[in-house]
Amino acid sequence: MTQMSKIERAATMHDIKISAKDVQVYYGENHAIKDVNVEIEDKTVTAFIGPSGCGKSTFLRCLNRMNDTIDICRIKGDILLDGEDIYDKRVDPVQLRAKVGMVFQKPNPFPKSIYDNVAYGPRIHGLARNKAELDEIVEKSLRRGAIWDEVKDRLDAPGTGLSGGQQQRLCIARAVATEPEVLLMDEPCSALDPIATAQVEELIDELRQNFSVVIVTHSMQQAARVSQKTAFFHLGNLVEFGETSQIFTNPVDPRTESYITGRIG
Amino acid sequence: MSASWLLIILLALAGLGFLLGRNRALASVGGDLRKLHSLPNYYGFNVAMLAFVPAVLVLGLWAVAQPMVIDASASGVIPQTYYQDEGALNLIMSDVRRVAEGLDLAVAQGVLSASEATVLNTQTTDLRALLGGVGVALGSEVAPEVLAAAQKMRVMTATGNWIMTAIVLAAGLGGFLVAVRMTQATLRARNLVESGILILLIGAASIAILTTLGIVLSLIFNTINFFSLFPAGDFLFGTTWSPEGRGGSEHLGILPLLWGTIYISLVALVVAVPIGLFAAVYLSEYASRTTRGFAKPLLEVLAGIPTIVYGLFALTIVGPMLVSVFGADGLGWMQGTRSVMTAGLVMGVMLIPFVSSLSDDIINAVPQTMRDGSYGLGATQSETVRQVVLPAALPGIVGAILLAASRAIGETMIVVMGAGAAARLDLNPFAAMTTVTAKIVSQLTGDSDFASPEALVAFALGMTLFILTLGLNVLALYIVRKYREQYE
Amino acid sequence: MSDPAVKSSLLTTDAHTRRRNAAEKRFRAYGLAAIAIGLVFLVLLLGSILFKGVGAFQQTFITLDVELLEAKLDKSGNRDPAQMAKVTTFGYNPLLDAAIKRATEGAGVENPFTKGKDLRKLLSAGAANQVRQFVLANPDRIGETVTFRLLASSRVDGYFKGRVTRESLARDKNLTPAHLEMVDGLREAGVVAKRFNPGFITGADASESRPEQAGIGVSMLGSFFMMLVVLALSLPIGVAASIYLEEFARQNWFTDLIEVNISNLAAVPSIVFGILGLAVFIQFAHLPQSAPLVGGLVLTLMTLPTIIISTRASLKSVPPSIREAALGVGASKMQTVFHHVLPLAMPGILTGTIIGLAQALGETAPLLLIGMVGYIASNYPGGIVEGFLSPNSAMPAQIYEWAKRADPAYYERAWGGIIILLVFLMTMNIIAVILRRRFERRW
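Protein chains in written order, with numbering that gives the first Met the number 0: chain D, 0 to 264; chain G, 0 to 487; chain X, 0 to 442.
Keep in mind that the hints are not guaranteed to be accurate.
What the hints assert, rightly or not - Label pairs and their calculated CB-CB ranges:
no. : chain 1 : residue 1 : chain 2 : residue 2 : range
1   : X       : V145      : G       : P319      : 24 to 32 Å
2   : G       : L297      : D       : T68       : 48 to 56 Å
3   : X       : E180      : G       : L90       : 56 to 64 Å
4   : G       : K481      : D       : P50       : 37 to 45 Å
5   : G       : R483      : X       : P287      : 41 to 49 Å
6   : G       : K481      : X       : Q250      : 13 to 21 Å
To be verified - Capping the alpha-carbon separation at 25 Å, the derived lysine to any residue pairs in SDA-like fashion look like this:
no. : chain 1 : residue 1 : chain 2 : residue 2
7   : G       : K34       : G       : V179
8   : X       : K100      : X       : L67
9   : G       : K481      : X       : A248
10  : D       : K139      : G       : M369
11  : X       : K403      : G       : P428
12  : X       : K24       : G       : M369
13  : X       : K114      : X       : R101
14  : D       : K111      : G       : V179
15  : G       : K34       : X       : V86
16  : G       : K295      : D       : T68
17  : D       : K130      : D       : T159
18  : D       : K75       : X       : A70
19  : X       : K403      : G       : R370
20  : X       : K51       : G       : I316
21  : X       : K403      : G       : A420
22  : D       : K88       : G       : A286
23  : X       : K332      : G       : Q183
24  : X       : K71       : X       : T103
25  : G       : K295      : X       : T103
26  : D       : K98       : X       : R101
27  : X       : K315      : G       : G202
28  : X       : K85       : X       : A70
29  : D       : K139      : D       : D41
Since the hints were derived computationally from the structure, they do not count as laboratory data. None of the values given here were measured: they were computed from a predicted structure. Yeah, the Cβ is synthetic: ideal placement off N, Cα and C, and Gly gets one too.
Start from the sequences, fold in the hints, and give me the full structure.
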């Protein structure tokens, strides 16, 4: 039922936020991503699915240049954010990542207090003029991360002391605190139990109102539950990209169909 | 019979036992190996082991215990009116031992016959000259009491040696016979030999405990001796250190030495910690594989250089260099080449690789996901290091710094050569000061007389040093272990 | 997007980011500077060792034709060794005086000195003894004129090495500037020259006033005998202890106690081991003072933790599958360890042992406490047993002794000794690296 309503909502078109053209990624000799073209819309959840090792995480990490930290990784092609090439020489990856936030597979709160975890981004980017403003940002972000009610009485407690699901929502709150335009999520629920997963999925659906969300997931059910657009990757190729409902009910490419029906994967 | 001959006999017995045990086992099954429980060599080893090990243990115990028993009863011969305190008795007893040794030597060299040696009289023989003739120099004429004690010692040693020979040989032969008799096809010889080896392994592992025990006991006993000669309060809270020859020192206060130790260590840490830490951060977070490949081993060369080299470096290079800037011709703060600064700077250089490689390990243990989280938020590398990686690694780094501090406090050669000999409570880092370790060396070097408080104080200093470094080490190892568990 | 003022282009960096990037650059520079400082110190250290120490391997020699007059050396003329031995080095001095005089005349150098005592100041105080030893060994050469290469005195040597100048001699009783004029003349005639001095490597320590004679050979032997003790004890004990802890020990309080002890002993200051050696081996067990055996025992206790730690690491690196395979064919636990695990771990164990030995070789402080001080190394040990038991020193203690002496000529010898010590350490470490490279297995 809810699934149907989501698909209906998704039918309204949004602006293009990120557009990737002929992207190639090489790890040393290994050609990891081949000719990927994809357009990611604003205020939409886009899911990348595919068997493990298909390159979906690699491609995701290209979108905020996290691959820069890996020496042997080379990227060709254009990735445009609002029409600007993010691999342009003039672009500072630090500034880019403030706009394109990221949430990781394993919850990775810093060994600091809950407050400091969330305040970290705003502090380094200089988003708050004073303590009151910072307090405001932290509260707002924790509310957006749907964790405010659980932690508001212990903001000074270490973030590492929370449960797994709470840690992941804290990480999401931390990521939204810098007011990014795009939020990348790399299998954000793979380390969580089903209840925590449901909470995070619900949160992702809410985030869609303010951000463009790109989520990598190994679970097709999850992609179907949370996303409006789905991209299917296989062996470094983007095999099929389209409306989630269409990919899951009526895939064009036989490989997509094989994956969805469980014959490959 | 001397211990070395006994050892040779026991070895021969063990060799014989090996052959006998092996052959007996083979004979018991008519040469058919498959009917034996273990391989034939194990039967041989079993006999050799039972013949050798118990006998050698008896020999070892006897060799340690006999001199103690004899010492105690020989010192009973000396009348109590003859000495004032324990220290004096110790001196007399060392004379007694020398006389006894000298007489044995004289008999061995044929200067005296065995019977002559037992009836010597201090009035009729110039013992000092006689013993001097066989190479045993005595400090004074031999008193009749000393001679009597020495004679008693010789008699007891002789009987003791005979009893020892008898018991050791009996133990060896007994073990031999028992083992030979129990050798038969069904004997689980391999299991016996293996449990013997296991006991050996446990013994080897226990040496670590024995070493610690040895350190603690030797420090405690001599420290107690020291405190019986010198008031503990004056030692612990005295602010002057001025030993005078042998005996009669009024001022043996540890405070100036502790101050020197702490001041020099502090200078060393101020040099080593920032440089070591920055080097570790650069090597683990920034350096390319090739830079790391040559810079890390080169830095570690600094750690492999013996401390005597650093000492000489401080004495002949760094000291004069500092004097040319801060000495009488320059700023006038420095009197001589030896100073807190000289020793501290060089010790700091020595500690750089120590701090950097420990911190490097610790920084590498911070999970990559932590860094990714920070980069993902748009932090620069230095922000990530300063605000995420270092705080995460902080406990480990504190542990590393504590270990470095313990190193600095226990370092000897650099301070002996670079810091000076004057014990003073001063704030000027260009003044010469001295440390606990340097004074241990100067109070104990080239002297075997442990009766005076001036020598014994070194053990009290050693005790202080041991407690201080042990505390730091235990704390540091605890912190580092807790830290590692967190990320494992 | 609705607010273009907030919306910034990626292509321009804002002021805040520029500040942050500048901070980044600074931070990076600090790191690089730290490494540079460390390396500069290394270069400075090695450079000064080389610069100051190489001189010790060269010494100034004076080549003299000494006439071995029978009238002075063997009055009776029957070559009786006992008679000849009665002529002390004083008896040889006139011969040397005459030889120097002849050499100056031969070289055409002005000789302002009339007293033999003043002339002899050019030579080492040990020169007469060198001639005497030769005569006692070759009595048949008496009456001939024999060419000797004799050590110059340390002041003359210092003049050749730039340590001594005419100005510095103004307050020096041992030599005068007039001597240096003579030396200059004799140098041109080739009588005085600087050459390689094997005596530094093989010789014994000399008295404080004869730095030119001092050598490191005897204390090298002391170090050698100590290392034999350390190797013979620490390798078997260390391996046995590691095998027990790694393969047999159960997790209980006793094992914990051993582990805690080992890790603490590894960090106990070395001088505390010296105190232990003094109290237990010398005070309690009455072992001979200053003996390499005792030094070896102390260093064994000191290196054991290092060896145990590295041996355990190499035992641990042998994969469990090897043990399972051996146990699976019915080998006992003990057989598994000694037949399979230990041989596979051996290269790692040897590497760790060599590094432990290198550490022990450079250790000084504990040796000073058990009496292995430098000045003791003045005689060669008589044999193997004496090598272990008779008083001796060790290389680092000898270096320390030289560094303590007042004569700056001894500093040069201390640095030279360090070069020899470092050559040993480097060789040991290189062997360790080669062992590791050659036999390292990746499982």
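25 Å Cα cutoff - pair K85(X), A70(X): The given pair, whose Cα atoms are some 14 Å apart, holds under the 25 Å limit.
Distance restraint hint 48 to 56 Å, applied to the beta-carbon atoms of L297(G) and T68(D): Cβ of L297(G) to Cβ of T68(D): about 26 Å, so the range 48 to 56 Å is violated.
Holds or violated: K111(D) to V179(G), with C-alpha atoms at most 25 Å apart: Violated, because 71 Å separates the two Cα atoms, which is more than 25 Å.
Hint consistency between K71(X) and T103(X) [alpha-carbon to alpha-carbon, up to 25 Å]: holds, 22 Å
Hinted pair K34(G) and V179(G), Cα distance within 25 Å: Holds: K34(G) and V179(G) sit about 18 Å apart, inside 25 Å.
Proposed proximity, M369(G) with K24(X) (alpha carbon, max 25 Å): holds, 22 Å
Restraint check for K295(G) with T103(X), where alpha carbons must lie at most 25 Å apart: Judged against 25 Å, a Cα distance of about 58 Å means the pair is violated.
Straight-line alpha-carbon gap K403(X) to A420(G), limit 25 Å: Holds, at about 13 Å.
Holds or violated: K481(G) to A248(X), with C-alpha atoms at most 25 Å apart: With a Cα-Cα distance of about 23 Å, the restraint between K481(G) and A248(X) holds, given a limit of 25 Å.
Pair hint outcome, K114(X) versus R101(X) [Cα-Cα no greater than 25 Å]: holds, 14 Å
Distance restraint between K88(D) and A286(G), which requires alpha-carbon spacing of 25 Å or less: Holds, because 22 Å separates the two Cα atoms, which is no more than 25 Å.
25 Å Cα cutoff - pair K34(G), V86(X): The given pair, whose Cα atoms are some 81 Å apart, is violated under the 25 Å limit.
Hint compliance for this structure: hints 1, 2, 14, 15, 18, 19, 25 and 26 are not met, and every other hint is.
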